[in-house]
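Chemist: Sequence:
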Amino acid sequence: MKHFISLQLALGVIAAGLFISVPMPSEARSANILRNGSFDKGIEFWDFWSFGCSVTQVQQTGYPINCGNTVPRREVVLQYEFGDIAPIVENKSALRVIIPGEAQDVIWKTNLQTTGDPRYVLSVDSGKMMLRFWARSSAKFGSSVSLNETFDPYKGLGLYQEFDITQEWKEYKYVFDSTPSTSATLVFNMGFAPIFTQVLFDQVDLFYVAVPVIATQSVTANAGDEISLAVTGVAVGDRVIVTIPVYGDKGENKEMALDAKVISESEVRVKLPANTRTGLLKLSVAELDSNSIFLMIKPKLGNNVFRSTLGVGAKINLEVSGISANKKDIFVEFPAVTLSGENIVIRQPVDSVSLNRDQVSVTLPMGTTSGEIRLGTDQLVGENLIRQTSVVSNSIILSPVVTQSSSENKVLKIYGYGFGPSGQNKTIEIYNNNGLLVEKIIATNNRLSSLGELVSVNLTTPDASRVQLVVGNYASGQVTINHKIAVSGETIKESATSVPSKVTPPVKNTAVKPLVKAITKVQISKFERMTRKIGNENKGIIYIHGKNFGSKGGVKVGSAWAEIFYRRDDFIIAAVPASALYGKVIVAKQ
1 MKHFISLQLA LGVIAAGLFI SVPMPSEARS ANILRNGSFD KGIEFWDFWS FGCSVTQVQQ
61 TGYPINCGNT VPRREVVLQY EFGDIAPIVE NKSALRVIIP GEAQDVIWKT NLQTTGDPRY
121 VLSVDSGKMM LRFWARSSAK FGSSVSLNET FDPYKGLGLY QEFDITQEWK EYKYVFDSTP
181 STSATLVFNM GFAPIFTQVL FDQVDLFYVA VPVIATQSVT ANAGDEISLA VTGVAVGDRV
241 IVTIPVYGDK GENKEMALDA KVISESEVRV KLPANTRTGL LKLSVAELDS NSIFLMIKPK
301 LGNNVFRSTL GVGAKINLEV SGISANKKDI FVEFPAVTLS GENIVIRQPV DSVSLNRDQV
361 SVTLPMGTTS GEIRLGTDQL VGENLIRQTS VVSNSIILSP VVTQSSSENK VLKIYGYGFG
421 PSGQNKTIEI YNNNGLLVEK IIATNNRLSS LGELVSVNLT TPDASRVQLV VGNYASGQVT
481 INHKIAVSGE TIKESATSVP SKVTPPVKNT AVKPLVKAIT KVQISKFERM TRKIGNENKG
541 IIYIHGKNFG SKGGVKVGSA WAEIFYRRDD FIIAAVPASA LYGKVIVAKQ
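In this text, residue positions in the sequence shown follow the working numbering: the first is 1, and each later residue adds one.
Derived SDA-like pairs (lysine to any residue); straight-line CA-CA distance at most 20 Å: (1) Lys315 / Arg347; (2) Lys298 / Asn253; (3) Lys584 / Ile564; (4) Lys327 / Arg347.
Across the chosen pairs, the derived CB separations fall in these ranges: (5) Leu385 / Ile442: 43 to 53 Å; (6) Arg387 / Asp358: 15 to 25 Å; (7) Arg529 / Gly237: 51 to 61 Å; (8) Ser228 / Glu563: 48 to 58 Å; (9) Ile293 / Arg387: 12 to 22 Å.
Just so you know, these hints were derived from the structure itself, not from any lab. Keep in mind it's a predicted model, so treat the numbers as computed, not measured. Even glycine gets a Cβ: it sits at the ideal position worked out from N, Cα and C.
Required output: the full structure, derived from the provided sequences and hints.
Modeler: See below:
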């Protein structure tokens, strides 16, 4: 019984719409070293080999050819009949292989290979090479391709790749480092193909390629900019793909492949989308990847000036771009004043980031003053933590707010926030009981206290009743002055307009009244902890969120009692030694 192995060329025009147009490749850096890789010359320079039969020559006569045995076990027939599978290129040949009627159990026992004729074996040098070809079959099966020495022991020369041949035309590309040889053979192994499978190959190219290199060391840009890259290994007409780091729809870290504009052999340009993030950038030509370089996206604040009447502990929203979606990576630098009256910059982590990455929410830290603010990011790229702040700084204007005022021993103290940097002129306006302005005092220095920012001045006006603070073009509301005098070591309140000559004991109400007491338990919902340098000392700062804190009481963190900078019923800012920052938190109220 004879078993037939058929190699045939599929020629001619098949029904309209079945052909695929294949453009000339732009990635080639040398000529195709294969002879007749397009099969336009039949199967010249190609052999079909199956276990027990090696064919080195096939005449285009349509007649069987003896395989060298007395009784042929395999026959090869070259046919010019139209098949039901169209060639990949219109009006061009494609090689059809019909697998013999005996299935093989080893992948290499049936193969198509370049000729073993010593006159035409391949010669390859050391270098970067690409194999590119098209293939399809009537049934899907696993195949492999390799570049080997032509003769025993068939040493590998850098290429071995397994792949699936499917029922649709597909282009395959493999890049490898070749080993020098003067006797090389390219082999397609098909031993796992089902019997009688029809396999087509076309446009088989093997050539040397150049690896693209980005000569630019790094790039710093805004999202949305067009950037220029100095390159080598790129030719005009190449399709150059630049892969950049971006944020996904939900803020996750992703990559995006963009087509670059090839300006010349030494320059390509690409426009960065709005969701570009800081990270590594690379380009590829013909699936050859370049080196990676660092792309730094500058964070940017959207508002030129932000005005707020909110106080410490309140949240504000800022328009931003060029930031990470992870709020742990983002901070805002605020101008602030310390307990000693020193002007400093506080780095405040943001509370949240909007999903579309155009807004962050941040809590105004203690001691915030009017001045320049900057947006910053900390991003881990590889093993390096990269910190960058926005190049263009914007301004925040805190309108002055006076929360309380008191006088004692002719010293007027004004508490609140938005007093501006220490050293900036602040006008204190004093009003009497009739609402008339009776005195203006210029103050410069202010500092942080447990009740907020503090400004102290000497008070000389005898009928001072109310006070208002003016900082720049903004004024606070008027607040009643709480006058105090010292009696027998105790401090008691007195009216805003008169000082009594003696203290009258209060009259006790002897009527029995039922005692009604509302019991409200302190509830803590979350903490925010950070370290800050206040003066020359590192402090642990803790933001405590919850409810029912009351207006008075202590805060204990671990074994340390905290210094309270700000307190309201649902929010406390406290400071402890940095070593105690992560201890258990207890909030007491009186």
